[in-house]
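Asker: In case you want the letters, here they are:
Number of protein chains: 2
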Amino acid sequence: MKTLPVRQPPTRSRETLRLRAAALVITFLIFLFPAASGRAATPLPSWNDTPRRQAIISFVAAVTDPRSPDYVAPEKRVAVFDNDGTMWSEKPLYFQMFFVFSRIRELAPRHPEWRQQQPFKAVLENDRKALRQCGLEGLKQLLAASRAGASDAEFAASVRRWAARARHPRWHRPFTQLAFQPMLELLSYLKNNGFTCFIVSGGGVDFMRVLLPEIYRLPPWRIIGSYPEAVYRDGKVIRLPKIAFFDNGPQKPVAIAQKIGIRPLLACGNSDGDLEMLQYTAAGQGKRLAIYIHHTDAVREYAYDRKSRIGHLCRGLDCAAKNNWLVVDMKQDWRVVYPAEKPADK
Amino acid sequence: MKTLPVRQPPTRSRETLRLRAAALVITFLIFLFPAASGRAATPLPSWNDTPRRQAIISFVAAVTDPRSPDYVAPEKRVAVFDNDGTMWSEKPLYFQMFFVFSRIRELAPRHPEWRQQQPFKAVLENDRKALRQCGLEGLKQLLAASRAGASDAEFAASVRRWAARARHPRWHRPFTQLAFQPMLELLSYLKNNGFTCFIVSGGGVDFMRVLLPEIYRLPPWRIIGSYPEAVYRDGKVIRLPKIAFFDNGPQKPVAIAQKIGIRPLLACGNSDGDLEMLQYTAAGQGKRLAIYIHHTDAVREYAYDRKSRIGHLCRGLDCAAKNNWLVVDMKQDWRVVYPAEKPADK
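Residue numbers (the numbering used here), protein chains in the order written: chain A, 1 to 346; chain B, 1 to 346.
Derived by calculation from the structure, the hints in this document are not laboratory data. It cannot be assumed that every hint is accurate.
Note that identical chains are pooled: a pair holds if it fits in a single copy or bridges any two copies.
[To be verified] List of simulated lysine to aspartate or glutamate pairs, EDC-like, C-alpha gap at most 20 Å:
| id | residue 1 | residue 2 |
| --- | --- | --- |
| 1 | 287 | 152 |
| 2 | 76 | 154 |
| 3 | 331 | 185 |
| 4 | 76 | 214 |
| 5 | 287 | 70 |
| 6 | 322 | 234 |
| 7 | 140 | 127 |
| 8 | 236 | 272 |
| 9 | 342 | 106 |
| 10 | 140 | 272 |
| 11 | 76 | 49 |
| 12 | 76 | 152 |
| 13 | 342 | 185 |
| 14 | 287 | 234 |
| 15 | 191 | 75 |
Remember, it's a predicted structure, so these values are computed and weren't measured experimentally.
Whenever a hint applies, use it, and build me the whole structure from the sequences.
Answerer: Encoded structure:
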């Protein structure tokens with residue numbers, strides 16, 4: 001047999017060799033681990049295998065299977081989520097309010113007038129009754145005041161300082177560790193199925209954008225919320241102490257129309273403040289999924305609905321029953337509520 | 001030499017075999033086309049190799065190379081683009097105004113009062129002088145009226161009907177074929193380098209979201225613009241005949257802060273209406289790139305700047321000169337202006 005002379009191909013660069021090596025490694029890995037590369041892990045592992053989990057999985061299968069009559073192209077697969085009470089707990093008070101109170105105290109030396117002025121006076125004197133009397137308008141004023149004036153960097157630093165230090169009064173964990181594990185899994189399950197997910201929350205958008213992108217793996221522009229009026233001056237956007245857009249109730253579908261521009265396929269909330277967002281979603285043509293998270297677990301989280309001031313869910317439960325929406329029962333449907341605790345200094 | 005017995009591995013499924021076949025094909029393709037898979041095509045092919053093209057490429061290299069002192073993580077790589085005059089032409093008039101005029105005529109039978117009421121009367125009588133006298137406030141009124149009342153589907157259908165039929169008075173092409181080829185390439189070049197690109201335009205957001213996603217390959221929520229007030233009612237978001245947010249001048253950085261939440265690394269505009277957006281971008285820490293597209297090509301497009309009513313660029317040119325911003329000279333820097341013409345019925 002004749003030996004062919006070894007010939008150096010004229011165009012074979014180092015890059016080509018590196019690519020061939022990479023290709024061989026990839027091939028080798030695929031031969032070794034066919035299961036890992038060929039099949040997805042079980043979805044929603046922290047959900048018990050109840051009809052609610054099945055309904056979510058069937059819905060996703062129906063809208064993502066190209067042979068299904070309910071198929072929706074990936075660019076139209078939008079899902080929206082309320083935040084407080086849907087993605088993380090909201091008791092004994094919206095988490096952001098703990099920050100707002102701490103921030104008002106932090107800013108008080110610059111605002112001596114607050115000592116005589118509600119709702120600030122109530123916060124500084126820790127007067128819960130007076131604070132309650134200020135109602136929603138009082139909360140909005142505090143929300144706007146907590147953001148006003150500060151540069152992005154100053155505000156973000158203040159939020160981070162608070163998040164590192166503050167602990168939930170019942171669970172004694174950082175608030176950022178009280179997102180619901182089953183909801184984090186739902187976000188990634190939808191993402192893996194070509195959905196684009198948004199938070200559409202009444203919370204202050206600047207507060208949420210400091211903390212939530214890391215927890216939910218969402219970019220800041222997919223977190224929609226309330227925001228204050230603002231003006232541009234000398235390279236900076238200055239926030240004024242007045243809410244420009246309060247993203248709650250019927251304002252949620254308005255925010256979706258103005259800021260997303262596509263009617264969602266799936267919406268998830270937990271209170272009457274989410275009702276219009278769920279209605280707007282369900283009113284779309286074709287298959288849609290409206291989900292209510294029902295807080296039924298007094299032991300592992302909280303149990304509340306029709307009589308609660310925070311997370312009030314009354315019209316929503318009636319509407320869900322009438323329209324066959326999915327009502328997730330936290331106690332029955334969730335195997336775990338919160339993720340495993342992380343070291344305290346995280 | 002001993003022959004090894006052929007052994008069927010017990011776990012080899014059809015899936016495994018399909019994966020192996022795929023791996024072999026990939027390997028084969030990589031061996032065949034090392035250049036295509038190993039190197040990116042020359043970036044910005046419709047740009048002449050001028051210092052402006054070089055500056056863009058150097059900037060992108062600096063912020064994307066992990067060893068560079070100017071490196072920026074992908075999640076912070078935001079780029080914003082004005083639309084009219086930056087991404088597509090804006091002469092003899094903002095393209096959307098051609099639609100708005102056509103839409104006002106379409107809606108006129110439902111609004112007999114318009115025959116006596118400016119700025120509508122001017123549109124219906126084709127009275128350019130009267131229209132000019134109505135000024136910016138008149139334009140805003142027309143913009144809002146063109147959107148008001150219609151459902152999303154009705155409005156989108158009206159925009160699509162117009163886009164299919166209307167032709168540019170000078171180029172006799174559909175307006176949707178008058179996006180700048182070099183800018184389309186800049187968008188994909190940035191995308192390929194991990195940037196997230198947004199349109200931040202004074203144009204009506206609902207109009208833009210019908211036509212631009214396909215041309216620019218951007219999802220609707222990355223198109224930011226002006227929008228009318230809206231209310232939610234019975235599963236629908238109803239637009240009112242009044243602008244809620246007019247996204248121009250100092251409102252552009254406000255829109256970026258409220259809707260994106262990250263100061264851009266790169267901003268591109270063409271008029272004084274983009275100045276604050278460019279200033280806001282340039283005022284950020286670290287390396288930033290502010291780009292003005294200067295309309296210098298009267299033959300292939302239009303030539304205008306300081307004396308133009310539409311696309312007025314005066315303070316912007318001074319600011320660019322003082323701050324060493326990039327001023328793209330369309331005539332010198334662009335090898336082609338518009339993409340090759342498509343069949344007329346597209």
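Asker: Any hints from earlier that this structure breaks? Give me their numbers in increasing order, please.
Answerer: Those not satisfied are hints 9, 11.
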